[in-house]
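The task is simple: from the sequences and hints, build the whole structure.
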Amino acid sequence: MNWFKYASPANFYPLAGRIATVAAVAAALLAVVGLYLGFAVAPTDATQGEAYRIIFVHVPTAWMAMFTYLVMAGWSAFALGLNTRVSAMMAQALAPTGALMAFLALWSGAFWGRPAWGTYWAWDARMTSTLILLFLYLGVIALRHAIVDARRADRACALLALVGAVNVPIIYFSVRWWNTLHQGASVSLAAAPKMAATMLAGMLVMSLAAWCYCIAVSLVRAQAIVLEREAGAAWVRTLPPLAGRAA
Amino acid sequence: MSGFLSMGGYGFYVWMAYGAVALVVLLESLAVRARRRRARVAGQRDEAPAAPPAARFEPPSRA
Chain A
15 MNWFKYASPA NFYPLAGRIA TVAAVAAALL AVVGLYLGFA VAPTDATQGE AYRIIFVHVP
75 TAWMAMFTYL VMAGWSAFAL GLNTRVSAMM AQALAPTGAL MAFLALWSGA FWGRPAWGTY
135 WAWDARMTST LILLFLYLGV IALRHAIVDA RRADRACALL ALVGAVNVPI IYFSVRWWNT
195 LHQGASVSLA AAPKMAATML AGMLVMSLAA WCYCIAVSLV RAQAIVLERE AGAAWVRTLP
255 PLAGRAA
Chain B
110 MSGFLSMGGY GFYVWMAYGA VALVVLLESL AVRARRRRAR VAGQRDEAPA APPAARFEPP
170 SRA
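In order, the protein sequences belong to chains A and B. Per our numbering, numbering of the first sequence is gapless, rising by one per residue and ending at 261. Per our numbering, numbering of the second sequence is gapless, rising by one per residue and ending at 172.
Honestly, I wouldn't trust all of these hints.
[To be verified] Chain B is faced by these chain A residues, among others (derived, beta-carbon under 10 Å):
#1 67
#2 92
#3 115
It is worth saying that the hints were derived from the structure and are not from the lab. For every residue, glycine included, the Cβ atom is placed at its ideal position computed from N, Cα and C.
Right, here's the structure in full:
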């Protein structure tokens, strides 16, 4: 299979739409199962009561905030190295979703921190480095809007995204490197899980749902970006006209 | 039902966290779909790709 076929906006557009539809359906189904596991099956926590149920949105959004950044940096590397426009558009499409995931991780963390630690916010290593992640996303978005020429903006944003990627391992290892407020990793590939199996299952299913959601929503945004930047191109004009109010 | 909503006294924290996630998912989904629709309508109306605007300040020419 020739992957470079999809480096062409005209071929990328329908593929992105098909994957987005599948991912959106998968996200909805996984969220239903995950919420059922999280609220109906997983037991009440012995020390935290019901407040711990925030974990089923906190951990998935925090993971996706970090993972989306790495994917964005990866597409940025392709954009710089191969000079493929669709790679840059993918990086552009991921930034707002990543920013929202970082925001939700911080927000849900604040509303978990208050009952668990007695504070909404502390300048803890992991919380601070996640806040920096949110600022990096906002910086990439702002830089995009500050540069009028889209191709120059692609290169500048790619560079910023790649340099900022150094923050992701800092977030990941922050709970090991600095002994501040945030607890250690709940799940590790190297050790047995420290929580009940149903809690872990709920968390993993919700993480898959978040993953599918991020794929779906950023691919639809990528489609919009492709259309915006290819406006008037022959392949855009030959797409079937939209039904309804579009006129 | 009220027992479920109260979340053992932690209802405010749990539903503030879940409410924000639900709101973001709903609004972001609607926003990207609306943006794609607008871009498609505009992209089919435009004659040709918009040329990047000329630089506002020309770099000083070397004498």
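Status of each hint after checking the structure:
Below 10 Å, beta-carbon pairs count as interface contacts, and residue 67/A has one with chain B at about 6 Å; its hint therefore holds. Taken as an interface hint, residue 92/A does not check out: its beta carbon lies about 22 Å from the nearest beta carbon of chain B, beyond 10 Å. Residue-level restraint check for residue 115/A holds (minimum Cβ-Cβ distance to chain B is 9 Å; threshold 10 Å).
Violated hints amount to a single one, hint 2; each of the other numbered hints is respected by the structure.
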